[in-house]
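Engineer: Going down the list, the protein sequences come from chains F and H.
Remember, my numbering sits 30 above the position in the first sequence when you count from 1.
Remember, my numbering sits 351 above the position in the second sequence when you count from 1.
Hints were generated in silico from the structure; no laboratory data involved.
Certain hints may be false.
To give an idea of the interface, some chain F residues facing chain H are shown, with a C-beta separation under 10 angstroms as derived from the structure [claimed, not checked]: (1) Glu112; (2) Ala116; (3) Thr180; (4) His249; (5) Ala250; (6) Phe252; (7) Pro255; (8) Phe274; (9) Val278; (10) Ala292; (11) Ser293; (12) Glu318; (13) Arg358; (14) Asp362.
Listing some non-contacts, in silico: residues in chain F with all C-beta distances to chain H over 10 angstroms [claimed, not checked]: (15) Thr32; (16) Ser261; (17) His304.
Beta carbons are placed, not taken as given, at the ideal position from N, Cα and C, and that holds for glycine.
Spelled out, the chains give:
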Amino acid sequence: MTTPLGVGILGAGPVTQAIHLPTLARLPGQFRVVTVMDIDARVAEPVAARAGAEPAQSMQAVLDHPGVDVVAVCSPHQFHAEQVAAICAAGKRGILCEKPLATTQAEAEEIHKAVTAAGIPLVVGAMHAYDPGWLAALDACAGWLGDAHTIRSTIVLPFNDRFEDWATEIASRPALPPQGAVLSAEERAGRIRGLVLGLTIHDLPLVRAFAPAFDRVDHAEFVAPFGGVISLTAGQRRVELIAFMRPVWQPDWRLEAWAADASLSVSFTPSYVHAGSASAIVRDRQGERHITALPYNGYEGEWRELHDLVNGTAAARYPLSETVADLRFATDVADQAASAVLHGGAR
Amino acid sequence: MTSPAGVTIAGPGGDDFARSQHAVWASLPVSLTQAPAKARLAAVDGRSADWLETLENAIRPGIAGVLVVRPAAGPSAPDIRAVAAAAAGTGTIIAVQATWAAHPAVAPFARAVAERLSDITLIDSLVQLDGTGHDGWAGVLLDHLTLLRAVIGPLELARFAAEHRHGYTVDGAIGARAVAMSAVRSATPPQAARLAAYGATAEAHLIVPSGSTAAPATASLVDSAGAAMQPTWYETASRASWRRLHRAAAERAGEPLPDLADLADDAELVAAITANWKARR
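Can you make the complete structure from the sequences, with help from the hints?
Structural biologist: See below:
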C-alpha cells in the first residue's frame, strides 16, 4: 500500500471548499491535505482547519512545506501560469491546475515549457474530461467520432451557490458582479470571454474529441444575466455552444453530437455535487445503448488520474501537448467570440 | 345534431395523401364525411410543388374551408398573400397544418408560456430529421419558424444563418430575446423538434415528435415551485387541424384565420434568410 500523497492547495475559495476538499475526503488512501493557502488568513485558517491541514498565506510557504507532494492550483485564473511554473521549479511531484490552465496562449506555452522541463504530471481540472460516464460514451462512439457533423454543448445551470451549499458549508464567497445594469458592447465582449473561459470551457475538450480544431467563430451573443450563444465552423462541422446561468433551479448540462447515422447525448450532473458520473445514450443503426451513471464523477476522476500518474501506474490520458491545444482552442473561441460581440454578433 | 360536413381532396393529390386524409376523416365521423360532390371543406397536399395553385383553385363559393397540409417552401410571400385575399373575398377559411406547430400540444403550451414567462431572454430550438424535403433546408426552416411563431412569436432578426449538408444554424432575435435555431440530419431517433424558452424566474420546454403518429409532445414549465408537465395529448396534428378548421368554418362565418398571413410572413423570412445564408459545405 502506498503512502497518501501530501496535497498543498493554492486558493481557498468556493472551488477548493466545495469541490476539492470533499473530493479528497473521498480518497483518503491516495491523498492527504497538508496545507491550504489563501492570502486572506480569515479564509485560509478555517478552510485548512476543516481538512486538518495547516493554513498558509503565501505560495512559497506551500512550496517550502516538506509534506507537500502535489499542488492544486485553485487561485484566480490570472495566477495559474506563474504558479504552475513555480511549482515545477520547486520540484514537486505533480500538479492539478483548475481550468483554465492559463488565460492566454503565451502563458500556456510557458507552462508547457516549465512542465516539460520538470517532467512532472499536470492534470487540468476539466472534470468532464475525466468523467467515467463520458469516457465510456467516448469509447462507444469511437467508430464514428470523426464523422460527426454537428456538435452541441448546452450548459444551463443555476448560479453556483445552489450546488456549493450542498457540497459543503462555504466559509466565504467572493462578491458577485452587479446584475441588471445595461452593458456596453465592451462589457458584453468581456463577459462572453469570461463565459467561455469560466463555463463553456468545461466541455471544450470534449468538443475537441469530435472537432479537434475550428476555423472561425461565426456568431456570438452575450445573454444576460450570464450566458451566451456561440456558433463555430470547424471544417465540415458545425459547433454550437449554448451556456446560460440564471436563478431557475433546473440544471441541463448536455453534450450532443450527430453523424449521418449515429448520435450521442451525454447528460452531466451539475458542478460541485457528487451525484455520480454522466450518463449517455448512443444511437446508431443497430439501436440505442444507454450508459448508466457510475458512482463517481470527474472531480474524483481527475484526482485518481493525478495519483496514478505521480506513482507511475498509468500513462497520461491526455498528453501535455493536447492539454495546451485544449487551452488554445478555448482562448481562440473566447477571443473570437468577444470580437464578434464587439462587432454586433456575426463575424 | 347537425350532419357531418362533406370533405374532399382538392386537386390531384397523391394516393398516400388521400389515404392519410381518409384515415383522419374516419376518426371524426360526427364532424366530417367524405363527399367529393357536396364538399364544404377541402384538403390541399402542401408537399406538392404547386400547392398554392391547387389552393387557389379550391377557393370558391360553397367551399367554407380548406386545410393546407404541411405546406412546402417555395411560393413567394406576395403570392401567398394574394391567395389569402382571394379566400377572404369568398369567405373561405384557410387553415394551415404546419409540421410541428399544428401538434395539439403546441397551442396550450404557447398560452401557458405567455401567461407564465414574462421575462424570456433566450430561446433555443433544434429540429432533428432524417432527411429534407424537395425544397431542401428551406422547407425545414419554414416549419421551424412556424413553430417559433406559434410558441413565442415571429423571428424578427436573423443575425447569422448558415446551412450545410447536414443542417443549419440561424441565430437571431425576437425583440431583446436571443434566439438560437438549428436543424440536424441524422438517421437516428428521435425525429423531433424541441424548443426551450429561458426566463430569469421560469422556463418552458417543449419536444414535439414527428407528426406521423399520435405520439404526444412533452411540454413542461419550470419555476421556483418545481416542474409542471402539461397533460399528454395523443392526437395527430392532422386530426387536431381538421377539428380546428371544422370549428372555424362553423363559428367564424368566413372571418379568416391568421394562418395564411402568418405563413406568408414566414415565407418572406425564409426567402430572406436562405438568400443570404452562408453555405458551409
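Engineer: Work down the list of hints and note, for each, if the structure agrees.
Structural biologist: Outcome of the hint check:
no. : hint   : in the structure
1   : Glu112 : 37 angstroms, violated
2   : Ala116 : 41 angstroms, violated
3   : Thr180 : 5 angstroms, holds
4   : His249 : 3 angstroms, holds
5   : Ala250 : 9 angstroms, holds
6   : Phe252 : 9 angstroms, holds
7   : Pro255 : 7 angstroms, holds
8   : Phe274 : 6 angstroms, holds
9   : Val278 : 6 angstroms, holds
10  : Ala292 : 6 angstroms, holds
11  : Ser293 : 4 angstroms, holds
12  : Glu318 : 8 angstroms, holds
13  : Arg358 : 22 angstroms, violated
14  : Asp362 : 18 angstroms, violated
15  : Thr32  : 45 angstroms, holds
16  : Ser261 : 5 angstroms, violated
17  : His304 : 23 angstroms, holds
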